[in-house]
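Number of protein chains: 2
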Amino acid sequence: MKDQFLAYIKNLQDTITSKLEEVDGKAQFKEDVWTRPEGGGGRTRVIENGAIFEKGGVNISAVHGILPESMQEYFKVSDCDFFACGLSLVLHPKNPFIPTIHANWRYFEMYDNDGKIISSWFGGGQDLTPYYLFKEDAIHFHQTCKNACDKHHIDFYPEYKKRCDSYFWNTHRNEARGIGGLFFDYLKETDNLSLKDRCDFVMEIGDSFLESYVPIVEKRKNLAYTKEQKDWQEIRRGRYVEFNLIHDKGTLFGLKTNGRIESILMSLPPKVQWRYSYSPKAKSEEEKLIKALQKPKEWL
Amino acid sequence: MKDQFLAYIKNLQDTITSKLEEVDGKAQFKEDVWTRPEGGGGRTRVIENGAIFEKGGVNISAVHGILPESMQEYFKVSDCDFFACGLSLVLHPKNPFIPTIHANWRYFEMYDNDGKIISSWFGGGQDLTPYYLFKEDAIHFHQTCKNACDKHHIDFYPEYKKRCDSYFWNTHRNEARGIGGLFFDYLKETDNLSLKDRCDFVMEIGDSFLESYVPIVEKRKNLAYTKEQKDWQEIRRGRYVEFNLIHDKGTLFGLKTNGRIESILMSLPPKVQWRYSYSPKAKSEEEKLIKALQKPKEWL
Numbered sequence: 001m002k003d004q005f006l007a008y009i010k011n012l013q014d015t016i017t018s019k020l021e022e023v024d025g026k027a028q029f030k031e032d033v034w035t036r037p038e039g040g041g042g043r044t045r046v047i048e049n050g051a052i053f054e055k056g057g058v059n060i061s062a063v064h065g066i067l068p069e070s071m072q073e074y075f076k077v078s079d080c081d082f083f084a085c086g087l088s089l090v091l092h093p094k095n096p097f098i099p100t101i102h103a104n105w106r107y108f109e110m111y112d113n114d115g116k117i118i119s120s121w122f123g124g125g126q127d128l129t130p131y132y133l134f135k136e137d138a139i140h141f142h143q144t145c146k147n148a149c150d151k152h153h154i155d156f157y158p159e160y161k162k163r164c165d166s167y168f169w170n171t172h173r174n175e176a177r178g179i180g181g182l183f184f185d186y187l188k189e190t191d192n193l194s195l196k197d198r199c200d201f202v203m204e205i206g207d208s209f210l211e212s213y214v215p216i217v218e219k220r221k222n223l224a225y226t227k228e229q230k231d232w233q234e235i236r237r238g239r240y241v242e243f244n245l246i247h248d249k250g251t252l253f254g255l256k257t258n259g260r261i262e263s264i265l266m267s268l269p270p271k272v273q274w275r276y277s278y279s280p281k282a283k284s285e286e287e288k289l290i291k292a293l294q295k296p297k298e299w300l
Numbered sequence: 001m002k003d004q005f006l007a008y009i010k011n012l013q014d015t016i017t018s019k020l021e022e023v024d025g026k027a028q029f030k031e032d033v034w035t036r037p038e039g040g041g042g043r044t045r046v047i048e049n050g051a052i053f054e055k056g057g058v059n060i061s062a063v064h065g066i067l068p069e070s071m072q073e074y075f076k077v078s079d080c081d082f083f084a085c086g087l088s089l090v091l092h093p094k095n096p097f098i099p100t101i102h103a104n105w106r107y108f109e110m111y112d113n114d115g116k117i118i119s120s121w122f123g124g125g126q127d128l129t130p131y132y133l134f135k136e137d138a139i140h141f142h143q144t145c146k147n148a149c150d151k152h153h154i155d156f157y158p159e160y161k162k163r164c165d166s167y168f169w170n171t172h173r174n175e176a177r178g179i180g181g182l183f184f185d186y187l188k189e190t191d192n193l194s195l196k197d198r199c200d201f202v203m204e205i206g207d208s209f210l211e212s213y214v215p216i217v218e219k220r221k222n223l224a225y226t227k228e229q230k231d232w233q234e235i236r237r238g239r240y241v242e243f244n245l246i247h248d249k250g251t252l253f254g255l256k257t258n259g260r261i262e263s264i265l266m267s268l269p270p271k272v273q274w275r276y277s278y279s280p281k282a283k284s285e286e287e288k289l290i291k292a293l294q295k296p297k298e299w300l
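In order, the protein sequence lines correspond to chains A and B. Going by my numbering, the first sequence wraps up at 300, each residue one higher than the last. Going by my numbering, the second sequence wraps up at 300, each residue one higher than the last.
The hints are simulated quantities; they were obtained by calculation from the structure and are not laboratory data. Fair warning: there could be bad hints in the mix.
Note that identical chains are pooled: a pair holds if it fits in a single copy or bridges any two copies.
[Unchecked claim] Subject to a maximum C-alpha distance of 27 Å in a straight line, what follows is the list of computed DSS-like cross-link-like pairs (lysine-lysine): (1) Lys271 - Lys249; (2) Lys221 - Lys271; (3) Lys219 - Lys196; (4) Lys94 - Lys188; (5) Lys281 - Lys19; (6) Lys283 - Lys30; (7) Lys30 - Lys196; (8) Lys151 - Lys281; (9) Lys116 - Lys135; (10) Lys116 - Lys10; (11) Lys230 - Lys162; (12) Lys135 - Lys227; (13) Lys196 - Lys295; (14) Lys10 - Lys295; (15) Lys188 - Lys227; (16) Lys230 - Lys94; (17) Lys2 - Lys297; (18) Lys249 - Lys135; (19) Lys76 - Lys146; (20) Lys30 - Lys188.
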């Protein structure tokens, strides 16, 4: 299973980065291959100062060894070996009318002393963070997520959509980071679903990524914007930073387990603003966004 | 004691904000008075888009009530009442040759069921975060801190300087946030020092603040800077954000205890950049700063 999924994400990284380079038309991804002293490593690909993408990364990693102590506590297990691999991506577009996107799909294995798998599962998801709200873009994104889910189980979309809304919640601001998408974790083998079924599902979701996002980029990339709209994007990016550094388990986990800092923090936006007690004008497009983020919404 | 210290910080807020307005010459502090539903409140004063200060805040608060649960765990006590008051300030200057400064001085009381004080202490400190390193500025800042400390005990400066270096350490970057200053906490009554002695010491430190910082501002405010130097300041401000949101106990504490978000996060810089794997040119002034932050240094 691990070989199959690792081969899948390697291939998916290639597919996604070549398509995004084609969409951008100007910048190319730069690749950093790194190794983890305790075992494994990764292939980080970052794009900066593109025509479309101001900053972004599409990274894969596959790490293994003794489960770090902080992770032992988290999973409530004792000393054991583990393997984890996944693809993580974040794209921060230049144009404030194009939303930021984040996705992550991963596979995890834990072993007993004889090297036998004691537990294995898939996790991940994707979510959209717009700066201006286009209802049709939100619907397109959620519909693509739902279509991919529905091929596997009719309950998946409502369940993972709900979990996504609850995970990407900026508690200290009492608002959502964005308009959600999918979030799933601990997808293990069950009576009805084999690990292969789980894997097929996650690959289906991964394969749907470009279709969920690229049409939105194409639709919005030529819209003209003002300095004020760009400022608004940078202020909202501040909330993205707050979520990632204060709440995001993946980020904090990486920082605490001696992960590769630059690969983890590539998720942070290129330019960000914090203004004191800023709030948009009443009935503006900016206020419309804020209101939509105050309560999870059924887009479909 | 609480009345005396509260009166002191109220007065100190006035002294500091009027002097800083005079130094800035353009912008003025805007005041927000707020109340905490569970008891107490504060007076937040924020300056933005000044000639000198791009963003900054000088805030006081005095809160009381039942000790929040997260704080009970932190202090390892059970259900009890508390009182806490303090002054917090952060100033982010426009000119990258002027350092950012942070300071906080606070007093804390905990009570038994009869309202008797069971524990009380002072805490706080101040630290400097330059973007370019002027050795004479670092010496001036530390010397002013030391002079104030020495009036009370010859051991205070070396001890609190060391604690400051260890507290403001960005573990995930393996570098200091800045060039340090003072950090002290749990300054309680002892055999040799009364609570009044502790209070006198903290007030001495608070009184030395303007002298420790304003001469540096005056010395650097007219230095011309390039866009590249401004970019460098904004990149370094990213590390400031990382420290405050990932490591700073005061910030995380405020966010978890339902503090006033905008007063807590006024510490975040106005404009910030994150570039992937950025490192300055060899032997540049920027690299000189990085090297100085890799290991705490004795400035005096």
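Here's how the hints hold up against the structure:
{"no.": "1", "hint": "Lys271 - Lys249", "verdict": "both (23 Å within a copy, 26 Å between copies)"}
{"no.": "2", "hint": "Lys221 - Lys271", "verdict": "both (19 Å within a copy, 25 Å between copies)"}
{"no.": "3", "hint": "Lys219 - Lys196", "verdict": "neither (36 Å within a copy, 67 Å between copies)"}
{"no.": "4", "hint": "Lys94 - Lys188", "verdict": "neither (39 Å within a copy, 53 Å between copies)"}
{"no.": "5", "hint": "Lys281 - Lys19", "verdict": "neither (38 Å within a copy, 33 Å between copies)"}
{"no.": "6", "hint": "Lys283 - Lys30", "verdict": "between (42 Å within a copy, 25 Å between copies)"}
{"no.": "7", "hint": "Lys30 - Lys196", "verdict": "neither (33 Å within a copy, 60 Å between copies)"}
{"no.": "8", "hint": "Lys151 - Lys281", "verdict": "neither (43 Å within a copy, 52 Å between copies)"}
{"no.": "9", "hint": "Lys116 - Lys135", "verdict": "neither (49 Å within a copy, 58 Å between copies)"}
{"no.": "10", "hint": "Lys116 - Lys10", "verdict": "within (25 Å within a copy, 65 Å between copies)"}
{"no.": "11", "hint": "Lys230 - Lys162", "verdict": "neither (30 Å within a copy, 43 Å between copies)"}
{"no.": "12", "hint": "Lys135 - Lys227", "verdict": "within (23 Å within a copy, 39 Å between copies)"}
{"no.": "13", "hint": "Lys196 - Lys295", "verdict": "neither (35 Å within a copy, 50 Å between copies)"}
{"no.": "14", "hint": "Lys10 - Lys295", "verdict": "neither (37 Å within a copy, 39 Å between copies)"}
{"no.": "15", "hint": "Lys188 - Lys227", "verdict": "neither (48 Å within a copy, 52 Å between copies)"}
{"no.": "16", "hint": "Lys230 - Lys94", "verdict": "both (8 Å within a copy, 21 Å between copies)"}
{"no.": "17", "hint": "Lys2 - Lys297", "verdict": "neither (36 Å within a copy, 48 Å between copies)"}
{"no.": "18", "hint": "Lys249 - Lys135", "verdict": "neither (29 Å within a copy, 40 Å between copies)"}
{"no.": "19", "hint": "Lys76 - Lys146", "verdict": "neither (33 Å within a copy, 47 Å between copies)"}
{"no.": "20", "hint": "Lys30 - Lys188", "verdict": "neither (35 Å within a copy, 55 Å between copies)"}
Violated hints for the displayed structure, listed by number in ascending order: 3, 4, 5, 7, 8, 9, 11, 13, 14, 15, 17, 18, 19 and 20.
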